Amino acid sequence: MSRRQKLTLVGIALLFAFTVSMLAIDKVGGREGMSLGLDLRGGTHLVYEADFTDVPSGAEGDAIEVTRGIIEKRINRYGVSEPVIQIIGEDRISVQIPGVSWEEAKSLVGTVAELDFREQKGVDATLAEAANGGDNQITVNDVAGFEVDDTCVLGISSVGAIEKENWETRQIIAINGSINILTLDSALFTDHQPGEPLSAWVPATGTIDGGEIHLTGKYLLPNSYVDVDPQSGQPVVRFEWNEDGARLFSQITGRLIGGPLGIILDNEIISAPTVQSQIGATGIIEGLTYDEARILSSQLNGGALPLPLGHWEGDEFYPEPAVIQSVDATLGADSLRWSLIAGIIGLALVLAFMILYYRLPGVLACAALLIYGAIMLTIFKMVPVTLTLAHIAAFILSIGMAIDANILIFERMKEELRLGKTLKAAVEAGFNRAWPAIRDGNFSTLITCIILFWFGSRIIAAPLVMGFALTLGIGVVISMLTAILVTRSFLRTIVFTQLARRGSLFRP
Amino acid sequence: MIDFVGKRKWYFRFSGIIILIGVIFLLSAGLQRGIEFTGGTMMTISFEQEVAQEELREEMAELGHDDAVIQWSEDAEAFIIRTKGLAAEEEAVIEDTLTERFGPLTIKDVYGVSGSIASEIEGDAAIAVSVAAIGILLYVTWAFRRVMKPFHFGVGAIVALVHDVLIVLGVFAVLGVLFDIEIDAMFITGLLIVIGYSVNDTIVVFDRIRENMLKSPGSPLETTVNRSIMETLGRSLNTSITTLFVLLALLLLGGATIHNFVLVLIIGVIAGTYSSICIASQLLVVWESGTFSRLFRRVIPRRAPAGG
Numbered sequence: 050m051s052r053r054q055k056l057t058l059v060g061i062a063l064l065f066a067f068t069v070s071m072l073a074i075d076k077v078g079g080r081e082g083m084s085l086g087l088d089l090r091g092g093t094h095l096v097y098e099a100d101f102t103d104v105p106s107g108a109e110g111d112a113i114e115v116t117r118g119i120i121e122k123r124i125n126r127y128g129v130s131e132p133v134i135q136i137i138g139e140d141r142i143s144v145q146i147p148g149v150s151w152e153e154a155k156s157l158v159g160t161v162a163e164l165d166f167r168e169q170k171g172v173d174a175t176l177a178e179a180a181n182g183g184d185n186q187i188t189v190n191d192v193a194g195f196e197v198d199d200t201c202v203l204g205i206s207s208v209g210a211i212e213k214e215n216w217e218t219r220q221i222i223a224i225n226g227s228i229n230i231l232t233l234d235s236a237l238f239t240d241h242q243p244g245e246p247l248s249a250w251v252p253a254t255g256t257i258d259g260g261e262i263h264l265t266g267k268y269l270l271p272n273s274y275v276d277v278d279p280q281s282g283q284p285v286v287r288f289e290w291n292e293d294g295a296r297l298f299s300q301i302t303g304r305l306i307g308g309p310l311g312i313i314l315d316n317e318i319i320s321a322p323t324v325q326s327q328i329g330a331t332g333i334i335e336g337l338t339y340d341e342a343r344i345l346s347s348q349l350n351g352g353a354l355p356l357p358l359g360h361w362e363g364d365e366f367y368p369e370p371a372v373i374q375s376v377d378a379t380l381g382a383d384s385l386r387w388s389l390i391a392g393i394i395g396l397a398l399v400l401a402f403m404i405l406y407y408r409l410p411g412v413l414a415c416a417a418l419l420i421y422g423a424i425m426l427t428i429f430k431m432v433p434v435t436l437t438l439a440h441i442a443a444f445i446l447s448i449g450m451a452i453d454a455n456i457l458i459f460e461r462m463k464e465e466l467r468l469g470k471t472l473k474a475a476v477e478a479g480f481n482r483a484w485p486a487i488r489d490g491n492f493s494t495l496i497t498c499i500i501l502f503w504f505g506s507r508i509i510a511a512p513l514v515m516g517f518a519l520t521l522g523i524g525v526v527i528s529m530l531t532a533i534l535v536t537r538s539f540l541r542t543i544v545f546t547q548l549a550r551r552g553s554l555f556r557p
Numbered sequence: 105m106i107d108f109v110g111k112r113k114w115y116f117r118f119s120g121i122i123i124l125i126g127v128i129f130l131l132s133a134g135l136q137r138g139i140e141f142t143g144g145t146m147m148t149i150s151f152e153q154e155v156a157q158e159e160l161r162e163e164m165a166e167l168g169h170d171d172a173v174i175q176w177s178e179d180a181e182a183f184i185i186r187t188k189g190l191a192a193e194e195e196a197v198i199e200d201t202l203t204e205r206f207g208p209l210t211i212k213d214v215y216g217v218s219g220s221i222a223s224e225i226e227g228d229a230a231i232a233v234s235v236a237a238i239g240i241l242l243y244v245t246w247a248f249r250r251v252m253k254p255f256h257f258g259v260g261a262i263v264a265l266v267h268d269v270l271i272v273l274g275v276f277a278v279l280g281v282l283f284d285i286e287i288d289a290m291f292i293t294g295l296l297i298v299i300g301y302s303v304n305d306t307i308v309v310f311d312r313i314r315e316n317m318l319k320s321p322g323s324p325l326e327t328t329v330n331r332s333i334m335e336t337l338g339r340s341l342n343t344s345i346t347t348l349f350v351l352l353a354l355l356l357l358g359g360a361t362i363h364n365f366v367l368v369l370i371i372g373v374i375a376g377t378y379s380s381i382c383i384a385s386q387l388l389v390v391w392e393s394g395t396f397s398r399l400f401r402r403v404i405p406r407r408a409p410a411g412g
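Respectively, the protein sequence lines represent chains A and B.
The working numbering puts the first residue of the first sequence at 50, with every later residue one more than the last.
The working numbering puts the first residue of the second sequence at 105, with every later residue one more than the last.
This is chain A alone, in the form it adopts within the complex (with noise of 0.2 Å):
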């Protein structure tokens, strides 16, 4: 056996045992176990009533379908989550989201993520006496320099150094200045000690074709994501702006060098780092947890919501849904196992029959799609992808079509053998042979998806479409590294060996 072909076998072990052990741990990513759909765990029943104030009557009907169709957006990207999203009358949304918490669901369809960026102005102010949670009027030394509509940060100094874990965003909304106490726009949840640090905040601003334009998220690309910074091993957001973006942030962070630039969402400020230089196009969002950072860049992603949505209380509206609750499974646990069994039986008759008419290769190709099927679990835990019945289906599926690069390679294999050659030249060429076909009806499909992916994302919004063309090419892909791969070199391996000797180890 050559040196190369160990290490094949080796990388081989080393790859099945990565994914047995990504199986076995409980947690991958902050989640628990395989993502699992509404039919088979349950998850968190919303519903949303629509704010229709701001929109021309006669345009509800659009204005709610086309919010649908966003929350469908944003919890679905990559059409791999399987939430369920109808409109209930004609004035609310009812959501279902498989497998999360209820702050989770929230978030996810964040009613809207406005990002937006600050910048500091020259206050030096520290509380002058202690203000507690349940408080929305503060006193400080010297209210110079604050003015109402400012955002005012606790536990922020006026040089952006965070002193405190917990700080707080607040809008002042008052000022008196006779006895320093400023009023702000709701109550403080933590308590804040006399000396703390207090800064305020103002849009940040630069300017295009001579108007001054605050800097937000519409200038965002719909292309961010979430990425682990290397230094601090902390989880990120990185963006990319457009054209105007790129323009206004590169004035902001070029006038703020040194200082730092906050950056708001939902009006509480995440983070306020020091500019280091000026920068243009791209950028990070840091201090978030992963799942805020996954759900952060799905929402900025997603684009705004047409329609606010929240509950009514008589005339008032709240951001909050009117309805949250956990649901059940809608299918039993008998409908799964039984699926399951199904699968496995199926699944035994085609390992079976290939071995029974293949003999020693069958063998080799069952344990081939025992590592398919390892890695394509490994990858839908991982990405994660939600999996309902039908999905679990269509992976027992997978694996007996999977099977079809193999059977390619051992009937030439098995012609080659009849045309009088040695095992290790029919080997060889049973796969030289059957590659073009492998190839072209792979690569052929892989075509299919890449299209249907770019289609169901750019030009039609079909998540349905997306999260098909995603696991079919990655099943593709995988499959056919299997077979070229795996199946080979556990082939050339067996040609060294004693069995490789006994003819009807390979013919039937």
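Since the hints were made in silico from the structure, they are not lab data.
Computed from a predicted structure; not experimentally measured.
Among these hints, one or two may not hold up.
[As the list claims (entries may be wrong)] Simulated DEER-style distance windows between Cβ atoms:
| hint | chain 1 | residue 1 | chain 2 | residue 2 | range |
| --- | --- | --- | --- | --- | --- |
| 1 | A | 369 | B | 196 | 32 to 42 Å |
| 2 | A | 277 | B | 242 | 33 to 43 Å |
| 3 | A | 265 | B | 131 | 46 to 56 Å |
| 4 | A | 73 | B | 194 | 45 to 55 Å |
| 5 | B | 242 | A | 60 | 27 to 37 Å |
[Unchecked claim] Just so you have them, the derived chain A footprint on chain B, three or more residues with Cβ under 8 Å:
| hint | segment |
| --- | --- |
| 6 | 172–179 |
| 7 | 234–242 |
| 8 | 285–294 |
Cβ coordinates follow ideal geometry from the N, Cα and C atoms, glycine included.
For chain A, the structure is supplied; the task is to place chain B on it using the hints.
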């Protein structure tokens, strides 16, 4: 050796008739859309006694709502039930029957809900598939550039694809009329899988034709095609048999919610295997010999005098 090519007229006629029947049903009755498309009624029911989800589902199925989606919410202490659109009297029937079976109950809210998949999905999917078909046509034409008339291979793959899709759609239109079988989101997924399977299967046969054409350039196309079909027959049957093993097991034992999905695939796999051998490959022969117009000629004139 079986003479596949010699019987080609019959394949085209056979497929033609099946597709014709299917298209007539499609145009007249169309496909029965399930509640994922049409929406329906959503209601919340709480029972005074404890009721198992399974029993409730059985009772709803007996009332003809076997597609009802039933969820228990611990927080609301109630079942959320989504069914197809219900008229007031149907609601009353449900209320009475459930009360009789499970004791006193309260129906809290009854609302009409929209479908959960966008109504344009069928049209959108059709457009996406058409673009993908152009991609396949170009790729196959390019991949077969070393043989004469590679374009024929590209068109052959697409014809087989359209053939298989029409058969699946037609069969479901007929099943919809006969057994009220409805289509759902997974039907579209299933149809997309069938498309992938169809093209892959056609290409395996085409690949052998390509190889044999290059190996013996002098021999007539009919002989080459027949020989290639014979040589790939083992693989074609083995792949479809292994796939059908899995599908039949899922159909017979698997949960009710995947029946239609599995059915799409069974029909699609059979059609896909058949069309590679009997439609796509034969089209190459017919096109080459220019006898396409003759395929149906004998059938049509025979019918014409009968009227006169």
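Here's how the hints hold up against the structure:
no. : hint                      : verdict
1   : A:369 x B:196: 32 to 42 Å : holds (35 Å)
2   : A:277 x B:242: 33 to 43 Å : holds (40 Å)
3   : A:265 x B:131: 46 to 56 Å : holds (51 Å)
4   : A:73 x B:194: 45 to 55 Å  : holds (49 Å)
5   : B:242 x A:60: 27 to 37 Å  : holds (35 Å)
6   : 172–179                   : holds (count 7)
7   : 234–242                   : holds (count 4)
8   : 285–294                   : holds (count 4)
No hint from the list above goes unmet by this structure.
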